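Novice: Fit chain X to the given chain C structure using the hints.
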Amino acid sequence: MSQPILEVDDLTIEFQTGESSITAVSDASFSIEQGEYMGLVGESGCGKSTIAKALLGALDKNGRIVSGKILYEGEEIQDFTEEEFNEKIRWKEIAMIPQASMNSLDPIQPISRKALEIADAHTDLSKSEALDRFKEAFEIVGLQPSRISEYSFQFSGGMRQRAIIALTLFLRPTIVIADEPTTALDVIMQDQVLNYIKKIREETNSSMMMITHDISVVFETCDTMTVMHSGQVAETGPVTDLYDSPTHPYLMLLQDAFPDIRYPNRDLEVIDGYPPELTDKADFCTFVDRCPWAVDECSQTAPRLESVTDRSVSGDGSDSTHKVACIRKDEVPQLNEERKRQGRTTADGGSDEGDLP
Amino acid sequence: MTDELLLQVENLEKYYAQKRSLKEIALRKEKDPVQAVDDVSMEVHSNQSIGVIGESGCGKTTLLEVLMGLEPLTGGDVIYRGTRMSEFDREDWLKYRRNVQIIFQDPFDSLDPKQRVRTVLYEPLRVHGIEDKEQRAREMLERVNLGPPEQFLSKYPPQLSGGEKQRVAIARALILQPDVVLADEPVSMLDVSTQAAVLKLLSHLTDEMGVSLIYISHDLSTVSYVCDSVNVMYLGRLVEGAPTERLINEPQHPYTQALINSIPIPDPYHERETIELEGAPREPIGLGEGCRFRDRCPERMDICEKTPLDTEISEHHQTACHLYYDHEDESTQVSTGGESQPRESVPADGDDQ
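Going line by line, the protein sequences match chains C and X.
Okay, so the first sequence: first residue is 158 according to the numbering used here, each after it adds one.
Okay, so the second sequence: first residue is 19 according to the numbering used here, each after it adds one.
Just chain C, same shape as in the assembly (with noise of 0.2 Å):
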């Protein structure tokens, strides 16, 4: 396996607010290989956008890294200062497509303009070069060349998320960041934007890190997944393996309570409670509260990120990609089982669906 493009060890994140301070981030764990698609997920507040921020430097005044590295090709960029960040990282190797990205070009200045303002910034290349790499960039995402002068206003709504798209491919970043890319869109719109995203990888060999709560795109759009829940990283691996054999309890609960329109009469799982509030690095599994099979070992020790190793498809498990912090994780699977079994006492057949290759 080759070495990872971006890796992210036990990183912690904390944000002063007055007297008290909040763990946004504990000892969160991933990392994301050429070329791959990972899609990070987890409910508002998770701390899924602050993981993103502090890959690109640009966390708020009042947070900072407590703890744990950020490693970029083997190097450590989290205690780079903004000039580093703004000459080695920012756009060329690690660019971000901001969330509601629609409403974030400047209405006064034509797109070409930015782009170029980002070129000089970031880069070397003359004038002509970035504007043929932005019109090649245009070209990625479906919008004529032609009209990369043009100002925001004169794109609808669609094309204007393309054109954002197209920024943020132009100086050929290693890795996108797409921070909730379709959530407020309607289902059509989403689709146009995610083929647009399938796209990017055919067309370049950028990775991706995909921040959104909605699994269902993430199962279709990436390779591998990292569930999060407050704050703290609960499994992460390749899609298949996490939708074959979910092993936290979050992610199994999380997966039957979403929606599929192909199966409109499945009982909908109920997750209950909420996370806690952390003014603390988490020292206890923070699902605690809301999980179905929690011990009293669960609220005394952070649950370690290990390979899921007994039902591993690969089957050798040793150096296995799907990890799981839970610290029963070898049981759970069955607790669920037994679940499922007693719930489906009336059985409506839609949710049976995990016989798939």
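Since the hints were made in silico from the structure, they are not lab data.
Hints may be right or wrong, so weigh each one.
[To be verified] Listed next, the stretches of chain X that the computed footprint assigns to chain C, with coverage defined by at least 3 CB atoms under 8 Å from CB atoms of chain C:
#, region
1, 214-221
2, 233-242
3, 256-270
4, 288-298
Keep in mind it's a predicted model, so treat the numbers as computed, not measured.
Virtual Cβ for every residue (Gly too), placed ideally from N, Cα, C.
Specialist: Okay, now just chain X, sitting in the frame of chain C:
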């Protein structure tokens, strides 16, 4: 179970006048109105839950606002238990507003942050002169799983989570035991984990209390958990309507097909076939005659310049598309454009069980 016709929407039309500039007013220049809802017909029977889906801007929220009486209608009519809304007097409105309730999209906005839950729940009871407020409010809170009620009654909305707020909104809508509840994307602002709980609650309560539901959303996958039948709306018009499962499995109108195919499936092995639908709907201004989907439709034909007739293609399944009827027979009717048949609705106990 008795099957009563509660609400009849008859060729309903809601046009908004566009703002005119001073110059335009001086020159007496007219502007085309915004055709938010155009010629929509449907029926709501007792114990029925009907979904209305469509993209943003298709007029679904306007439809609810008119049904609620928040916006006056500009054409057609709404008939509630035999009385026409256009002829409602004060008494009728009072009765109507007691029996038709609404749950808004955003629970963060629809509850007054300075009113305790108690005040929120008492207000409708007070307006309609109902005694034993305390008793009813407690019962209702228990029904929406906000227990113990004493604790919640004295809370303020900012002390509640999103899911709890929406439960309070549901309690407020149901406390008068209405006939019909209108729900405007009630779960779109909630996280997936809470969304499932609220959907289940809504579905369960409307069944249990015998309340009919009109549920509007852009997301068919949540609608399908709650509704017996679904209508699809595009640019102010209903283009298709069918029992939920039928609509999902056998969508007929090209727009419905595109809408359903664009829903992502939470399964990495599933290969979804996508229909690439370019562009966005037009502005609903000066739409004129013809099928409103024709500029984006993959099946576009010449005849689409004429307004398609609403046709029943099988029991309880209607669509307004030129692909599905014989133009030889009905060409005369087609060219008249306007009149569509009232959408027949599915019996209460639906056949999608």
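Novice: Now tell me if each hint is right for this structure.
Specialist: Results for each hint:
no., hint, result
1, 214-221, "holds (count 4)"
2, 233-242, "holds (count 6)"
3, 256-270, "holds (count 3)"
4, 288-298, "holds (count 8)"
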